[in-house]
Amino acid sequence: MSRQGRPQDTRKVSGELFSLTYGALVAQLVRDYEKDEEVNQQLDKMGYNIGVRLIEDFFARSQQGRCHDFAQAADVLTKVGFKMFLGVVPTVANWSAKGDEFSLILDQNPLVDFVELPETHQGLLYSNIICGVIRGALEMVQLEVKVWFVQDQLRGSDSTEIRVKFLKKLEDAVPAGED
Amino acid sequence: MTTRGKRAAETLYDKPLSSKGKLEVNLSTYAFLFSEIVQYSHGRVTSLSQLHEKLSDLGKHAGFRMIDVLCLREKTPKRETRLVNHLLYIQKTLWKTLFYKEADRLEQATASESTFYLFEDDPVVNRFISVPKDQSSLNCAAFVAGIIEGFLNGTQFACKVRAFALKDQPSTTAFEIKFEDSVITRDKMLESVK
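Here the protein sequences come in this chain order: C and S. Residues in the first sequence are numbered consecutively from 0, following numbering that gives the first Met the number 0. Residues in the second sequence are numbered consecutively from 0, following numbering that gives the first Met the number 0.
Keep in mind that the hints were calculated from the coordinates and are not lab data. There's no promise every hint is true.
Keeping only pairs whose Cα atoms sit at most 35 angstroms apart, straight-line, the calculated DSBU-like set for lysine-lysine is [unchecked claim]: (1) S:K187 with C:K11; (2) C:K11 with S:K159; (3) S:K100 with C:K11; (4) S:K21 with C:K78; (5) C:K167 with C:K44; (6) S:K132 with S:K100; (7) C:K168 with C:K44; (8) S:K166 with C:K11; (9) C:K145 with C:K164; (10) S:K177 with C:K145; (11) S:K21 with C:K11; (12) S:K95 with C:K78; (13) S:K21 with S:K77; (14) C:K164 with C:K11; (15) S:K132 with C:K44; (16) C:K44 with S:K193; (17) C:K11 with C:K97; (18) C:K82 with S:K91; (19) S:K77 with C:K44; (20) S:K159 with C:K34; (21) C:K11 with S:K193; (22) S:K166 with S:K77.
All of these numbers come straight from a predicted model, not from anything done at the bench.
Given these sequences and hints, build the entire structure.
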């Protein structure tokens, strides 16, 4: 691995530092909570906190305008949002007939480098923080959604799939969560 | 290692490692994540020193795991046994892998032969953290101190690492590395047999 001569990009951090830092957090949560479900919930909460703040950063850099329908929102979420913050573009698939639900298929997930789930934590949704981030960020643009993991490669599935369901359009601006 | 099944049951160790070093993540994403980590840890402690300890523990987790990554990536893996060389390795290679730059300075304390200082002028974890006035000794680079400690302890250089900001240059963080006497004794022995 020679990184000599590569221009120093101060807007980026090494993916390894990122995944190891996240790993340290999850490991700590696993020690702090008794059940995997509680860890999942905590990760979702942290993600939500990140999401509501991240949206501003997103607009500051993307000059993204208003989305007119949910399909467009899905497109922006993956091609602009995921690309900007995680450097990967998930595939949007499995739209429901009503057009209010879709799946994100992640071929690559920077959070799970070096990760293997032990037998004793098969209920752990390691990357659940992503669900929280999506929920938090979309809430800030008046979209109330439900986000959950359908399958995770870490748990032996073929792919990593996150489901996003549109619940309703929020009419009034919601104050940012202080939690 | 020749048959690599596509089944998900294959272990982590069957997968290639080398290509993954190139992945990069937006600095904001990292800053958001780190801020959540600090807040979470803050909510579970009662004092500043406990917070530093908590962050350092998390760093140790990461630092210890960097040993394998770096060793596997070396073209000619070599186990460094001499203290100063090992510290230089941290200043250069480890720092470059994690932060894309070398740590700014490495110095030995004048009063003690077992204490070293590593200086970093702009620790990435502190870039977006403003320190409250009433908690001026807070330094979230305790996390990075943990990385160094985890890395050194895992390579048999028992030590304690502490992070603090310089008084005259608050943006610079000094990492004080205090080795145990046994490490110093061993290093002297290696010096004499050379």
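Going down the list of hints, with the structure as the test:
For a cut-off of 35 angstroms, the pair hint linking S:K187 to C:K11 is broken: about 41 angstroms separates their Cα positions. Restraint check for C:K11 and S:K159: satisfied, since their Cα atoms lie roughly 29 angstroms apart, inside the 35 angstroms limit. Restraint check for S:K100 and C:K11: satisfied, since their Cα atoms lie roughly 12 angstroms apart, inside the 35 angstroms limit. Restraint check: the Cα-Cα separation between S:K21 and C:K78 comes to about 20 angstroms, which is no more than 35 angstroms; the hinted pair holds.
About 20 angstroms separates the Cα atoms of C:K167 and C:K44, which keeps this hinted pair within 35 angstroms; it holds. Between the alpha carbons of S:K132 and S:K100 the distance comes to roughly 30 angstroms, so the proposed pair stays at or under 35 angstroms and holds. A distance of roughly 21 angstroms separates the Cα atoms of C:K168 and C:K44; the hinted pair therefore holds under the 35 angstroms criterion. Distance restraint check for S:K166 and C:K11: the Cα-Cα separation of roughly 29 angstroms lies within the 35 angstroms cut-off, and the hinted pair is therefore satisfied.
For the hint pairing C:K145 with C:K164, the CA-to-CA distance comes to about 5 angstroms; that is within 35 angstroms, so the pair holds. Distance hint between S:K177 and C:K145 is unfulfilled; the C-alpha atoms sit about 50 angstroms from each other, more than 35 angstroms. Between S:K21 and C:K11 the CA atoms are separated by roughly 11 angstroms; this keeps the pair inside 35 angstroms, and the hint holds. As the CA atoms of S:K95 and C:K78 are separated by approximately 30 angstroms, the hinted pair is consistent with the 35 angstroms bound.
Using a Cα cut-off of 35 angstroms, the hinted pair S:K21 and S:K77 holds, with the two alpha carbons roughly 23 angstroms apart. Straight-line distance between C-alpha atoms of C:K164 and C:K11 comes to about 31 angstroms, which keeps the hinted pair within the 35 angstroms bound. A threshold of 35 angstroms between alpha carbons decides the hint, and for S:K132 with C:K44 the separation of about 29 angstroms falls inside it, so the pair holds. Taken as a hint, the C:K44 and S:K193 pair is broken in the structure, with Cα atoms around 56 angstroms apart against an allowance of 35 angstroms.
For the given pair, C:K11 sits about 39 angstroms from C:K97 by alpha-carbon distance, which is inconsistent with the 35 angstroms threshold. With a C-alpha separation of about 30 angstroms, the suggested pairing of C:K82 with S:K91 holds against the 35 angstroms cut-off. Pair hint S:K77 plus C:K44 does not hold up; C-alpha atoms about 44 angstroms apart against a cutoff of 35 angstroms. Proposed proximity of S:K159 and C:K34 is supported: the alpha carbons are some 33 angstroms apart, at most 35 angstroms.
Between C:K11 and S:K193 the alpha-carbon distance is near 43 angstroms, which puts this suggested pair outside the 35 angstroms criterion. Distance hint between S:K166 and S:K77 is unfulfilled; the C-alpha atoms sit about 38 angstroms from each other, more than 35 angstroms.
Checked against the numbered hints above, the structure breaks hints 1, 10, 16, 17, 19, 21, 22 and satisfies the rest.
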